[in-house]
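Undergrad: Chains as they are written, first to last, in the working numbering: chain A, 1 to 394; chain B, 1001 to 1276.
Don't take every hint at face value.
So, partial list: chain B residues that the calculated Cβ filter (under 8 Å) puts toward chain A [claimed, not checked]:
id, residue
1, Pro1054
2, Asp1170
3, Gln1186
Label-pair ranges, simulated between beta-carbon atoms [said to hold, decoys possible]:
id, chain 1, residue 1, chain 2, residue 2, range
4, B, Ile1128, A, Leu81, 53 to 63 Å
5, A, Asn198, B, Pro1080, 42 to 52 Å
6, A, Asn142, B, Asp1170, 20 to 30 Å
Rather than coming from a laboratory, the hints here were simulated on the basis of the structure.
Yeah, the Cβ is synthetic: ideal placement off N, Cα and C, and Gly gets one too.
Here is what each chain is made of, one letter per residue.
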Amino acid sequence: MNEEKILEPKGVTNGLQNEHKKIVELIDVAKSFDGEVVLDHINLVVKEKEFMTLLGPSGCGKSTTLNIIAGFVTPDTGDVLFENVKINDVPANKRHVNTVFQKYALFPHLNVYENIAFALRLKKLSEEEIYERVEEMLAMVNLRGFEKRDVNLLSGGQQQRVAIARALINKPKVLLLDEPLAALDLKLRKDMQNELKNMQRKTGITFIYVTHDQEEALSMSDTVVVMANGKIQQIGTPTDIYNEPENAFVADFIGESNIIDGVMLDDYKAKFSGHEFECLDKGFNKNEPVDVVIRPEDVDVVPVEKGMLVGMVTSVTFKGVHYEIIVDIDNFKWMIQSTDYVAPNEKIGIYIEPDAIHIMKKSEFSNMFGDYSSFSDELERLSDTNEEENEEDE
Amino acid sequence: MNKKSNILKQAAAYPHIVWSVLFIIAPLIFVMYYAFTDKEGRFTLENITSLAQPSYLEVFLRSLCFAFLATVICLIIAYPVAYFISKTSPKAQKILIMLVTLPQWLNFLIRTYSWMALLEDTGIINTILESLNMQPIHMINTPFAVILGMVYNFLPYMIIPLHSVMSKLDNRLLVAASDLGCNQFQVMTRIVLPLSKSGIISGITMVFVPSISTFYISQKLGGGNFDLIGDTIERQFQTAYNYNLGAAMSFVLMILIVISMAIMNKYSDEDGGVIV
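With the hints as extra help, turn the sequences into a complete structure.
TA: Encoded structure:
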């Protein structure tokens, strides 16, 4: 259908400038498992020195994409190019790509030193050279002095570091990371995010990172690839993805957003919730139905008489930096983030600046997201952990 | 509260302790008693020293040799089979393991007689060969037949422990190894083999011990030409009524097994503490 056309990466700017060469390219790659479509003809270009994140919920095909690049999975159709050479039939052990696995997959019968030295031993390098390079890696991941340790007795964070050192010692051109931080606690995860980003800058190796954590994706990547239902929904820099979501799915998945049914009356003029708004978007047909995205932090709370829209506050939650306010406007629940307190059951007005409004084409995801009527923190957290567990079977 | 549960825990061990004392410790004491006494019940080392004759040494050596060969052959056959089974779906694994144990549902004697029927000079295999105008092969009453009988009977005991270790092998480790540059063969030698070592050791134990002490297989498939320790011991108890000599043989056999296991444990270093 026509809508799918706009999802192709044609003309989409990657996070890195064009001066960098293509290193990995997927052309029209599709994959099904037991008749179930996991990847639906995707196209993707990864550039040298790029930190690219594949972001999406479980079952969106992001891990399969990674496995296809690694060579663990063969695509049904389409080509995988590495430095412009087709590598569909090159086995995993012959590719210049290494992987950091979700649950580390360290070899339990080898100690820290031998785990890291594994790839070099296969190359039959001299003992001195192996020693030198293993020590260099241990220094990089801050594990000096751990050589003789049993990997089974290391903490999660330490195992993760061994896994990274083991994958990087081969000096791969591309490092694939499959939810490498998912099993770590929040504090450690934040530290490792910074470390990974620094390592990537220092080594200049291309990182392709898979995660379902949007915050992780936004804070680490040069380029974010949002995936859902086996398709790429949007490719762009973190700011593009956040500010200019391509469709309702991306808007909902990245950050919080109110997604409202609307009509584009004319260029720069949208109508939704029974009110006409000025906006900065153009190029739609006259009276074309659209999805309107408004981020909770972009909505201003004003007295009723000054409001463009008026609604009833149904709940207020203190979040530290701001209050999270749910407002019922014509039976549609908006989320608003404000530093000013308002009381529940109070009538308030809201004001929206033209640059706070982002207009999107209708898509298969329209009307699926964006209302906060059933919103609860607890549910969100529950669904998060489920995702982590399910991801593996993909 | 805690004390109570401790007592309960201890109580759970009693049936096994009683069992062990009645059926393992006590018989062992009897064996020792008979092995080191003469017919009048006086202490003697004569039973043991009398085993130092060439004829007995030959029996011990042959038993050791046959058991060793049977174990090695079992391992070579069972390893790929177990690996293959562990790579199938959980449902298929259950069925395949059941098929592996299926021959054990038949009586041991019947299985051995069946092999006689197959291997005899005028048996089923040679009849088929002749009907195909091929030279018949003399198989019955050869060491080949005896070792074949052992392998056939004890193979499941090798496959099952190997399979149980391999089915727990994390597939991601194999993927990680190939990611780091291993070809299929290197994945086997560097990951699968070292990680299935405990299965190999219990498999070897479970085949070697019954092989070295087996009787009857050799009598039927070896035509009585290849006496094994088990047969010799049986004869002391059933025909010669020399309990003391039979017990002495059992005792030496036990020592032999302990030594073999000790040697193997030495090679399996840290993670092999499975047996004895």
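Undergrad: For every hint, state whether the structure bears it out.
TA: Here is how each hint holds up against the structure:
no.	hint	result
1	Pro1054	violated (46 Å)
2	Asp1170	holds (7 Å)
3	Gln1186	holds (7 Å)
4	Ile1128(B) <-> Leu81(A): 53 to 63 Å	holds (57 Å)
5	Asn198(A) <-> Pro1080(B): 42 to 52 Å	holds (47 Å)
6	Asn142(A) <-> Asp1170(B): 20 to 30 Å	holds (26 Å)
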